[in-house]
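Peer 1: Here is how the chains run, residue by residue.
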Amino acid sequence: MNLLYSDVEDQLRASVADLLADRAQPASILARCETDKPHDLDLWRTLTAELGAGSLHVPESLGGQGASAREVAVVLEELGRTVAPVPFLGSAVLATTALLGCEPADGELLGALGSGRTVGALAVSLATAPGSAFPSTVEYTDGVLRGRVRSVADAAAADVLVVPAVGVDGPTLHTVRVDQAQVTVTPAVSLDLTRPIADVTFDGAASTRLTGDPESALDGALWTAAALLASEQVGVADWCLTTTVAYLKDRHQFGRPVGSFQALKHRLADLFGELALARAAARNAADAVGGPEERVAALLANSLCSTVAVHAAEECVQLHGGIGMTWEHPAHLYLKRAKADQIALGTPGQHRRLLAPLVDLPAPR
Amino acid sequence: MNAETLRERTREFLDRNDPATTDRLEFLRARFDAGLAWVHFPEGLGGLGAERELQNVVDQELAAAGAPDNDPRRIGIGLGMAAPTILAFGTDEQKHRFLRPLWTGEEVWCQLFSEPGAGSDLAAVGTRAVRDGDDWLVTGQKVWTSSAHSARWAILLTRTDPDVPKHAGMSYFVLDMTAPGVEVRPLRQITGEAEFNEVFMTDTRIPDTDRLGEVGDGWRVAQTTLMNERVAIGGRPVPREGGMIGPVARAWRDRPEVRTPELHDRLVDLWVQSEALRLAGVRLRQQLAVGHPGPEGSAMKLAFARLNQELTGLELEMLGEDGLRYDDWTMRRPDLVDFLGREAGYRYLRAKGNSIEGGTSEVLRNIIAERVLGLPAEARVDTKVPWKDLPR
Ligand SMILES: Cc1cc2nc3c(=O)[nH]c(=O)nc-3n(C[C@H](O)[C@H](O)[C@H](O)COP(=O)(O)OP(=O)(O)OC[C@H]3O[C@@H](n4cnc5c(N)ncnc54)[C@H](O)[C@@H]3O)c2cc1C
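Protein chains in written order, with our numbering: chain R, 5 to 369; chain L, 3 to 394.
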């Protein structure tokens with residue numbers, strides 16, 4: 005177990021952070037999020053083509069970077085810190101991990117997703133907790149898909165969907181091209197402005213059926229994503245703390261910096277403490293992906309980090325006073341991301357309930 | 003005046019002014035003139051000099067008769083802040099000019115207090131008012147002004163003497179929002195709406211007759227406004243589940259599929275706290291009625307803000323997938339503020355303002371600690387120096 009950042013990880017972080025500092029400024033993110041193209045696909049193509057961020061945990065034999073989930077986590081942290089509107093979670097984490105769980109994995113599609121030329125999404129509700137029953141809202145009969153999936157992350161940017169569907173002989177997994185008349189993607193008005201969700205309808209859609217064990221491929225994607233989302237939450241919380249500290253050093257009321265009031269110092273010191281725990285838990289979850297401790301690590305990290313991120317974002321708004329309530333100030337983008345992340349892949353309550361039996365803390369009878 | 007005579011009076015008024023056949027505005031004006039607008043105000047100013055609690059008697063009779071009301075949510079700042087301040091500090095002429103159209107809603111009011119450099123530290127305001135014959139010339143910027151876009155009048159706190167310590171050099175005015183030099187620009191909020199505004203004043207002329215209180219006594223006048231702002235929240239009686247707990251409890255009842263033991267425990271705990279807060283409001287009004295307002299009032303806004311935030315946060319978690327959605331981000335300039343209005347996502351975001359508007363929760367805690375509990379005050383560096391020499 006290594007809970008530090010390796011040199012390679014630090015280098016990756018620095019490159020991603022540099023690019024985002026250049027291309028993901030709050031003002032441009034704000035301007036984009038209300039257009040009909042809320043995803044920044046140019047930025048996504050640069051992240052994938054130049055930094056390989058689209059295929060980090062894809063083995064080299066399948067054209068990927070051959071790194072691990074730890075590197076994916078580092079990128080998520082930076083994306084959380086900037087709330088950059090790129091389809092990383094949908095394409096590079098959820099869809100990619102589901103494809104990697106198939107036997108044999110579709111190298112061609114993985115290559116296209118990794119290069120950023122093609123964007124993928126996993127057609128499950130973003131609110132789905134790992135360990136949930138295989139989704140049954142899409143049916144696979146007579147060789148086509150019919151049904152509807154609500155609230156799919158990054159679907160509005162996707163060219164290809166990885167779709168769980170129930171066939172006559174049980175669960176199946178498919179890839180579906182979005183550019184056919186039998187697939188409709190309807191963007192929803194999302195609480196999280198920088199990770200928009202969409203509803204997807206299949207009306208006799210043609211698909212490629214994936215081989216292998218669909219249930220374990222889907223489950224693997226959800227567990228991995230839940231583990232890694234904790235790192236995004238750490239990035240969100242870190243931005244909120246850093247930004248608030250800087251503001252309170254500068255903002256004067258009563259003839260002195262507002263940050264000189266002890267009541268506020270203590271609040272920020274507490275937040276720092278929460279963040280220290282969150283970071284350790286998130287690193288642990290990223291390190292444990294694919295190992296025997298994966299589930300315990302994912303559940304403890306996600307239940308803790310999502311709560312810390314919401315708290316940090318709420319403190320950020322509150323301690324900025326009136327300006328924190330404005331659209332113009334980026335604090336709300338983080339508040340909306342943090343709150344949506346708290347629901348994404350299960351709420352803290354769901355995670356605690358899943359965790360309890362794994363650590364021998366059975367629920368009351 | 004007791005409840006019976008007041009009930010009698012209200013019925014007589016209704017006999018003379020049938021709500022079914024009288025124009026709404028005519029009805030409201032007649033109600034004001036009959037002293038049934040706010041019975042605790044003096045006669046001739048919409049009241050009867052009666053006890054505040056007796057207002058319920060009037061309101062019940064009027065509601066039973068299907069009478070129109072003055073849409074208090076739309077004119078909350080006028081009713082809750084401007085009116086008590088005008089009553090306390092206004093000249094007879096000012097009271098007669100302003101209170102009637104304020105109460106009937108013909109003239110909406112806004113509060114021009116906060117500035118970019120003066121929020122929690124309101125006594126730092128820098129909007130300058132300079133004497134010019136019988137007038138004052140006002141130049142400066144206000145911010146976060148709710149309803150400025152629909153307001154006809156404003157209560158305005160200005161700096162008239164920069165050379166004395168900050169609390170001593172302020173004066174308080176009533177500002178005609180249609181006067182030349184007043185510019186209102188929308189400020190969009192995290193909810194998507196622009197409920198508040200920036201207000202710029204450039205050489206705006208205010209007649210000295212629109213001053214409230216003495217020159218240099220603006221801080222004392224403003225204190226009256228602020229005290230009423232904070233009381234206004236505990237002021238209105240609400241039924242059980244009348245506050246933010248209402249929509250959350252309804253969602254729980256309507257959606258059995260979202261129920262878990264963990265959410266249940268949190269919800270019931272918040273229900274208990276919400277009901278206790280409501281009872282604390284009832285108790286506060288009973289104390290007011292017998293003339294002994296307790297110090298608990300200041301704690302109520304704190305609890306109100308915290309509960310609104312916890313309840314709306316819980317509701318989104320409870321809704322799960324539906325909590326990922328929002329109803330509408332369209333930029334609008336609403337006429338009234340409704341914390342409970344719209345869907346869960348809006349309520350969650352709007353509730354964040356509850357611990358900032360009308361004095362932040364941190365400032366309220368300082369007030370409770372120092373003024374109610376009598377703890378030693380924070381050492382001040384800003385109260386003895388002339389305003390113009392303060393560090394910013
Ligand atoms: C929705 C909304 C509507 C509003 N409507 C109006 C209106 O109609 N008219 C009007 O005049 N104003 C209005 N306001 C402004 C409001 O009164 C101010 O925002 C508020 O007083 C805080 O001031 P500020 O924003 O400058 O924050 P700051 O004073 O800069 O405070 C920043 C943070 O520091 C904290 N802080 C400051 N001093 C201390 C201290 N001594 N100890 C501990 N913590 C401290 C604050 O609590 C806050 O968290 C509105 C605000 C909102 C959000």
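Please keep in mind that the hints were generated in silico from the structure rather than gathered at the bench.
Keep in mind that this is a model prediction, so the values were computed, not measured.
We put the CB at the ideal spot given by N, CA and C, even for glycine.
Any given hint could be a false lead.
[Stated by the list, open to error] List time: in silico BS3-like cross-link candidates among lysine-lysine, alpha-carbon distance up to 27 Å:
| hint | chain 1 | residue 1 | chain 2 | residue 2 |
| --- | --- | --- | --- | --- |
| 1 | L | K386 | R | K253 |
| 2 | R | K269 | R | K253 |
| 3 | R | K269 | L | K97 |
| 4 | L | K97 | R | K253 |
[To be verified] Across the chosen pairs, the derived CB separations fall in these ranges:
| hint | chain 1 | residue 1 | chain 2 | residue 2 | range |
| --- | --- | --- | --- | --- | --- |
| 5 | R | R121 | L | V240 | 26 to 34 Å |
| 6 | R | P368 | L | Q275 | 17 to 25 Å |
| 7 | L | A278 | R | S119 | 38 to 46 Å |
Peer 1: Quick check: which numbered hints come out false for this structure?
Peer 2: 3, 4, 5, 7
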